[in-house]
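Trainee: Sequence:
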Amino acid sequence: MGSLGALLFLLGSLGALADVCEIPHVDSQLVERMGQHLLPWMNQISQEQLNPSIYVGLRLSSVQAGDMEAFYLHSLKLKYQQNILGCTSSDDCKTKLPMGQLALYMLALRANCEFARGHKGDRLVSQLKRFLEDEKKAIGHNHKDYPYVSYYQYGLSILALCVHQKRVHDSVVKKLLYAVEHDQHFYQGTLSVDTEAMAGLAFACLERSNLNPNLRNRITLAIRTAIGKILKTQTSEGHFGHVYSSPLALQFLMTSPMRDMELGTACLKAGAALLAILKDRGFQNVLMISTLLPVLNHKSYVDLISPDCQAPRAAPSSLLGTVVLEPAMEIPSQTQSSDVIRVTLKVPSVLPPYRHVIFVPAGSSLEDVLKKAQELWGFTYGTKATLSGPYLTSVMGKEAGEREFWQLLRAPDTRLLQGIAEYTPKDGETIELRLVSW
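If you count by mature numbering (1 follows the signal peptide of the UniProt record, and there is no 0), then the sequence shown holds residues -18 to -1, 1 to 420, one letter each, in order.
Among the hints, a few may not be true.
Said to hold, decoys possible - Taking lysine-lysine and the DSSO-like style, the derived pairs with C-alpha atoms no more than 30 angstroms apart in a straight line are:
| # | residue 1 | residue 2 |
| --- | --- | --- |
| 1 | 366 | 354 |
| 2 | 111 | 251 |
| 3 | 261 | 328 |
| 4 | 118 | 366 |
| 5 | 366 | 119 |
| 6 | 261 | 111 |
| 7 | 353 | 78 |
| 8 | 251 | 261 |
Read the hints as simulated data drawn from the structure, not as lab findings. These numbers were taken from a predicted model, which means no experiment stands behind them.
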């Protein structure tokens, strides 16, 4: 075959591959490096820091953490079973065991090839169904209101019940269908890619399991609608919405049996963009890592319908395609830079408006900036622990109300995609904390 023929053959092969959702090949060392970020979190077993998504991400990946996985699951079970058995009322359960965390815990059980059965399992299922019924009522008959929590957690809860083969009433599924059909996952004119992708994963599970046969045609159409919306959000860099939304979007798109050139090309582009960041050691957020690991193994949460229960979890490192995590060797730290940077912190949403110049060491996080402002310049703020890190709840005594949140921006008007513990301001930047409604 001549050089021209070889080139045409190669292009033809790439075209054939590009009509399904796949990502480029991933070097196992990159996967191992990313998995290493999870080890410190697996050693933290306080009630607040236990994160079911870590366990799910590992089980759906080629990364193995040996006995640490079993111990972590044991710790998860102690926490969630104690909380569910200790609930005295519906409101008490919402405080002790939020809807989204309960759904993630049920995914973790299924990732260990367990079904929610028996007295304890029935309690978990019943509570999650009660949460969904409450959310359904909050949305209302005319769909003009919103869930108490979010459509993201609504879709996640349906997905969690689905992988356990637990049917929810058609009326519950219809609320999520309506939201996708009528663009209710848009906030401030922008599609929430994470929310749309989670709804898509729930629908993909329902379609495969056929738990709601009367809605099958509508579910299939909603999947196509969600795919179309997500593809339209792809940026010039290749991300769906933004870099932190891409892993969940890829999980959903990978579930699609559609053979479509636009879909295949978009997935290759998104995968290449994520791998480029991965090579630059750009991912630190544990929740994002746990969502991305399955993608790198060509898996999604929908695969928990039938998890690979025969796969060894403490396999020898010689096992093909398997990455066994070991604690990283301690590397002597470099001398910390003595450079000091200047960051302006402003809060226009309070009276009087707050504005101060803060000097911190180069490499400091935004949280470090807030702490320094609190220490020296009369700044006050409050946070709560979440699965993705500290979440800003109040600034200068002003609490975010219902359907409000403190938005992080880099002046003049660039929304930050990272949290306060992750974002590293640069010298001369102005960071704005803005109270916004959704």
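Trainee: Decide, hint by hint, whether the structure agrees.
Mentor: Consistency of the hints with the structure:
1. 366 <-> 354: 19 angstroms, holds
2. 111 <-> 251: 38 angstroms, violated
3. 261 <-> 328: 34 angstroms, violated
4. 118 <-> 366: OK: residue 118 and residue 366 at ~26 angstroms, within 30 angstroms.
5. 366 <-> 119: It holds: about 27 angstroms lies between the C-alpha atoms, which stays within 30 angstroms.
6. 261 <-> 111: 42 angstroms, violated
7. 353 <-> 78: 29 angstroms, holds
8. 251 <-> 261: Within the cut-off at roughly 15 angstroms; holds.
In this structure, the hints that do not hold are numbers 2, 3 and 6, in rising order.
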